[in-house]
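With the sequences and hints as input, model every part of the structure.
In order, the protein sequence lines correspond to chains L and V. Numbered by my numbering, the letters in the first sequence go through residues 1 to 295 in order. Numbered by my numbering, the letters in the second sequence go through residues 1 to 172 in order.
There could be a bad hint or two in this list.
Said to hold, decoys possible - Partial pick of chain V residues on the chain L-facing surface, computed with a CB cut under 10 Å:
# : residue
1 : Leu8
2 : Leu12
3 : Ala69
4 : Thr74
5 : Cys76
6 : Gly110
7 : Asp119
8 : Leu122
Stated by the list, open to error - So these bits of chain L aren't anywhere near chain V, every CB distance computed over 10 Å:
#  : residue
9  : Arg9
10 : Ala115
11 : Asp126
12 : Leu223
13 : Met239
These are computed hints drawn from the structure, not numbers from a lab. Heads up, the beta-carbon is just placed ideally off N, CA and C, and yes, glycines get one too.
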Amino acid sequence: MSELVTRFRYALCYLVLLAVSVVSMTSEREPIGTGPASALVLGVATPLQRLVTRPIDFVRWVWRDYLALVDVRSENLELRVIIARLQNENLSYREALVASERFQRLADFRARHDAPMVPANVVAQDLSPWFRSVVIDRGAEAGIEAGMPVINEHGVVGRVVGVTGSASKVLLVVDMQSRIDAFVQRSRARGIVRGQSSRECAFDYVMRNDDVRPGDLLLTSGLDAIFPKGLVVGTVETMEREPYGLFQRAQIQPVVDFRDLEEVFVILERREAPAAPGFEAAQAPVTLADAGDTP
Amino acid sequence: MRLIGLGLALLLLQQLLASVLPYAFRPDLLLVFALALGFRARAIESLLIAFAFGYGLDELSGAPIGLYALLRATACLVTHVTDRGLNLRGPWPWVVYVAVYVVVDTLLLGQVLRLAQPDLLLPWSEVAIRLPGSVILTAAVAAPLYRLFKRLDGDEEVPGLAPTALSGSGTL
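Okay, structure coming up:
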């Protein structure tokens, strides 16, 4: 017996490792590691990653703030024109909002959902070309917990999946493991935004008869117990409808540009699972989406 | 110990490359490392090292925990087994082997993902776009990396096949 074990010890060792890998991949409810081992690796690696990415950031900073400013004067003039136009537009929107009853509802929503946020910097990108996550420089010490939503000024970035004292791992919306319950702002058609580990996402499980068109804005529904309702996810690029089946499908362009992701905000609020549909409808918080066509 | 250092250095270098290179042009340095580990005489130790670095990769990426641990241990095992039948140690055979294995590794990744978490599907259209760049760059760094690997590793290698005219001249 011992001779047999000695003879096949290499194969046995591989089988043991195979079993360990398969068990850890399949047994975790949450596919990303959040245990003490994960915290240890992330805790050790993050300072090193920061050390490695700092020179790159410095070169980028020099390029962006000095070398790339050659056309800044003409660009500045153009931007002034745009700012003036936007200020006028903004003023008219403000007046419309103040005049409408919806503004009050929007204000109520903001008061109820004005969750505290923590700003954070992206310090490392995903090492694998097939997955999309980033490491940010704030962690449990800043009050961050796994499952918290991450946004930036444009919209939804992702959710926290791993936390150490001073860093967190954020699974991006475009990762293939990401799922967000969302709806179309214009028609209220619901579906699931699924990452594809590419620049785009898919909007799946949309009822075949629902009205979804290219250019439609997608917002979080709040029903996935992660993201608050009304955050912008992306815009519909194209629609795909098979000649048969219950559902139609859309390709989504996320509003966040993940190639230049530098600063994000973590919403320090863990959400509970939503109530039953009837109750949810009666108690549904009023959102930015309800206030008008423009978020 | 020096091999562990090399592995950590490659992990950091891969991190650096991830910051500056687009997704379609990234060499997989740790895959080359895991493949090279398969040549070592201390086979079980090499398998465990490959597994450990795969686990590190799992932790530092968005991958499900265990995925890269399994794939890197498998890469080490495949080299260990293949090296008995084919001469992989000539410069060209090694480069071709690494290039082919990058494709095999991606196919394995897709299959393991499908088996372990059936709702996760590798976007094959995206794979088709990114894979050529990854294959070329990984193959390009394979030879110098292996030379470095051999220089740092004092371990005696498993004797492989003698190089032939068809499989390339000399060893790396």
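Hints, verified against the model:
no.	hint	in the structure
1	Leu8	holds (8 Å)
2	Leu12	holds (5 Å)
3	Ala69	holds (5 Å)
4	Thr74	holds (8 Å)
5	Cys76	holds (9 Å)
6	Gly110	holds (9 Å)
7	Asp119	holds (9 Å)
8	Leu122	holds (6 Å)
9	Arg9	violated (7 Å)
10	Ala115	holds (25 Å)
11	Asp126	violated (5 Å)
12	Leu223	holds (18 Å)
13	Met239	holds (18 Å)
The structure does not agree with the numbered hints 9, 11 stated previously, though it agrees with the rest.
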